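Chains as they are written, first to last, in this note's numbering: chain A, 6 to 118; chain B, 2 to 328; chain C, 583 to 717.
If you're looking for bench data, these hints aren't it; they were derived computationally from the structure. Source: prediction; values computed, not measured. Where is the CB? At the ideal position from N, CA and C, for every residue including glycine. Honestly, I wouldn't trust all of these hints.
[Claimed, not checked] Which residues of chain B face chain C? A few of them, derived with a C-beta cut under 10 Å, are:
(1) N17
(2) A131
(3) Q217
(4) R220
(5) Q221
(6) T223
(7) E224
(8) L227
(9) S276
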Amino acid sequence: MKVPILKQGNILIATIQSALTDNDLLSLQDNLAHQVIQYRSQGVVIDITELDVMDSFATRTLRNIANILKLRGAKTIIVGMQPDVAFAMVQLGLTLPDIKTARDLDEGLTLLK
Amino acid sequence: MEKQSLPKSLNIDTLNLMNGMSLDENEIQHRKDWLQFDQSDEARLTELNEMAQGYADEVIESLYEHFLKFEDTQRFFEDPNILKRVKNLQKQYFLRLTKGNYDSKYIEERLKIGAVHASIGLDVKWYLGAYNFYMRAVATRLFKAFESKPEKALAAFFSLTKLVYMDIGLAIDTYIYQRESTIQRQQEAIRELSTPVLQLRKELLILPIIGAIDAQRARQLTEQLLHAIRDKRAKVVVVDITGVPTVDSRVANHLVQTVDASRLMGATLIITGLSAEVAQTLVTIGVDLTKIHTVGDLQGGIEEADRILGYQLIDSPADPSHLSSQE
Amino acid sequence: MVDDQVSIPILTDSDIVSARQQARELAKRFSFSSSELAGIAAAISELARNIVSYATQGTVNVSLIEEANKKGILVIVEDQGPGISDIPLAMQDGYSTSNSLGLGLPGVKRLMDSFEIQSEIGKGTTVIVKKWVLR
Ligand SMILES: Nc1ncnc2c1ncn2[C@@H]1O[C@H](COP(=O)(O)OP(=O)(O)OP(=O)(O)O)[C@@H](O)[C@H]1O
Ligand SMILES: [Mg+2]
Chain A
6 MKVPILKQGN ILIATIQSAL TDNDLLSLQD NLAHQVIQYR SQGVVIDITE LDVMDSFATR
66 TLRNIANILK LRGAKTIIVG MQPDVAFAMV QLGLTLPDIK TARDLDEGLT LLK
Chain B
2 MEKQSLPKSL NIDTLNLMNG MSLDENEIQH RKDWLQFDQS DEARLTELNE MAQGYADEVI
62 ESLYEHFLKF EDTQRFFEDP NILKRVKNLQ KQYFLRLTKG NYDSKYIEER LKIGAVHASI
122 GLDVKWYLGA YNFYMRAVAT RLFKAFESKP EKALAAFFSL TKLVYMDIGL AIDTYIYQRE
182 STIQRQQEAI RELSTPVLQL RKELLILPII GAIDAQRARQ LTEQLLHAIR DKRAKVVVVD
242 ITGVPTVDSR VANHLVQTVD ASRLMGATLI ITGLSAEVAQ TLVTIGVDLT KIHTVGDLQG
302 GIEEADRILG YQLIDSPADP SHLSSQE
Chain C
583 MVDDQVSIPI LTDSDIVSAR QQARELAKRF SFSSSELAGI AAAISELARN IVSYATQGTV
643 NVSLIEEANK KGILVIVEDQ GPGISDIPLA MQDGYSTSNS LGLGLPGVKR LMDSFEIQSE
703 IGKGTTVIVK KWVLR
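Could you build the full structure based on these sequences and the hints that come with them?
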C-alpha cells in the first residue's frame, strides 16, 4: 500500500509519501471509506506535505474522499500543502472550496478535537 | 553636468557583450549583407590604407581641435597625457578602417570602443558627430587624390560609408544593450525592495504592496508570499493594497488566486486598502468579491487578524508584551 | 545545436507520474522558479491524463528550447485517439464528457505561456505548450 493510514484515538491519519498514481489515490479512497466505519472514526487528516504536484484527478479524488467520509459521519482535513503545489493548483482553477485545510498535522488534529 | 575624466583602465568584458548581443558569425554576416558590404568593398578599403597613413595625423589633429571647442567633449581631455593617449588610440582606430579583415575580431574591437564610450557617459550624438567629421575629412582627400577618376573616389567613399555604418550600428547597439542591462538590474533590485513580507507577530504577516503591478510582479508577489506563509508558519496574512494605483482584472485574478492558494495551505488572507472605486471596477469586470476577505484599512485588517488568531487587545495598563514578543 | 529532450510513451496511469517527473528534472536545468516547476508538472499531468482517459495511448515530448534571447521548455503531447469535435467547447472551464471537473485543458492554458491544440476526428489530438524562463 502506497499510503499508510495511522489510527490515533478516534482519528485516522493518512500520510501521502511520494508521487501517487491514480490507482494509489483510488485505493486510498477505498481504504479510508472502510476504516472510518471499522474504527468509528470521527475525523481524518490527510497529510500532503510530501506531495509535489496536485492535478485535477488528485483534487477530484480528495473531494470525493471528503464527501464519502462526510456521509459516514467523519470530517476530513487536508494539511501541509506546499506553496508551489497550491499556486499551481489555483492556476489550474482547482480550489477545493468545501474542504477544510490546516497548516500541518498538529493543527489538523487540534481542529478535529 | 558633473565633471568626469577618463578612467585609467576600463574592464570591458567584450566576450560577454558579443554573447549578450548575440553577435555570432551568422549575425555578423547578416549585418554585412544588409549593408551590401562584400569582398570588393574590403579590397577597395585595403587599397586606401597607404594613403590614409599619410593623412591620419592631420585628420586626428583637426578632429580633436573640433572636440576641444565643446564643453561636453572638452571635459574628457583636461589631462594632456590623456589627450595624447586618446589621440593615439583614435589614430589606430582610424587606420583600422582600411586594414581589411573585418571579422569577429574586428567586431569585438568595435564593441569595446562603443562600450568604453557608453560607460564614460559620452552621448551618442557626440559619437555620431565624430563619424561625420571623419567622413567629410576623408571624402575631401579622396576626391583630391583621385581627381582624374572621380568614380573611383566615389566607389571608395561608398565602401567606407558601409563600414562606418556598420561601426555606428554596433556602437549604438552597445549603448542600448548596456542601458537595457542596467534597467534590468535596477528593476530586479526595485522588485526585491518593494515586496517586503513583514512578520508583525507570531503567525501574522503583513504585505504592503506599493506601486504598479504587472503580470510578472504579481506572480512573484504570490510566490514570495506563499513561501513566507510556509517558512514563517503564518496563520493570517494582511495584504495592504493602498499603494497600488490601479487594479485591473489581471491583478484582481491574481489576488483571488493568492487568497485561494493561502487557504489551501491553511492560512487566511485579508485584503485592506481596497478603495470603493477599485471595488466597483472589480465587480463590474466580474471578480467575485465574496471570495475575498476585505477590511477597510490596514489597522482594521490587523485587528481582524488578531481576532482570528485569538489575541485580545486590552486597553488596561497590564503588561501587553506577551502579545508581541513571541519567537 | 542539439536541444535536450525526453520522450515518454503514455499508456497507463503510472506513465503520467513518470512523464511529469522527467519533465520536471529536465526543466530544472533552466532557472525556473520552484513554483513554475510545479506548474509545468501539473500541466503535463493534465495532458498525459487526457491521453489515458480518452485516447488510450500517446506520447509526451519535452524539450529545452532557446530562442533569440529567451530560454524555455516545449511540450508536445500527441495521441492517435478519437479526437475532439468541438475544441472551443473543450477549452471552456467546466466542460467535461467524463463527468470530471473539466479544468484540464483551460487550466493548462493558464499555467503555460503559449498553448496550441490541433485535433481531427478519428485521427487524434496534439497539444503544444511552451513556458519561458522569466528574465
Ligand atoms: N486527448 C484527447 N482526446 C480526445 N478528447 C479529449 C482529449 N483531451 C480532452 N478531450 C475532451 O475534452 C474535454 C475537456 O478536457 P479537460 O481536460 O479540460 O477536462 P476533463 O478531462 O473532462 O476533466 P479534468 O481534466 O478536469 O479532470 C474532455 O472531457 C474530453 O471530452
Ligand atoms: Mg482532463
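Cut-off 10 Å, beta-carbon criterion: hint that B:A131 touches chain C
violated, 30 Å
Hey, does the B:S276 contact hint survive, CB to chain C under 10 Å?
violated, 28 Å
Proposed interface contact between B:N17 and chain C, which counts if any beta carbon pair is under 10 Å
Because about 14 Å separates B:N17 from the closest Cβ in chain C, which is outside the 10 Å limit, the hint is violated.
Would the hint on B:Q217 stand, with a C-beta cut-off of 10 Å toward chain C?
holds, 6 Å
Next item in the hint list is B:Q221. Is there a CB on chain C closer than 10 Å to its CB?
holds, 8 Å
Using 10 Å as the Cβ threshold, decide whether B:R220 counts as touching chain C.
Since the shortest Cβ distance to chain C is 8 Å, the answer is holds.
With a cut-off of 10 Å on the beta carbons, see whether B:E224 makes it to chain C.
Cβ of B:E224 sits 5 Å from chain C, so the hint holds.
Hint status (Cβ of B:T223 to nearest Cβ of chain C, threshold 10 Å):
holds, 8 Å
Holds or violated: is the Cβ of B:L227 closer than 10 Å to a Cβ in chain C?
holds, 7 Å
Violated hints for the displayed structure, listed by number in ascending order: 1, 2, 9.
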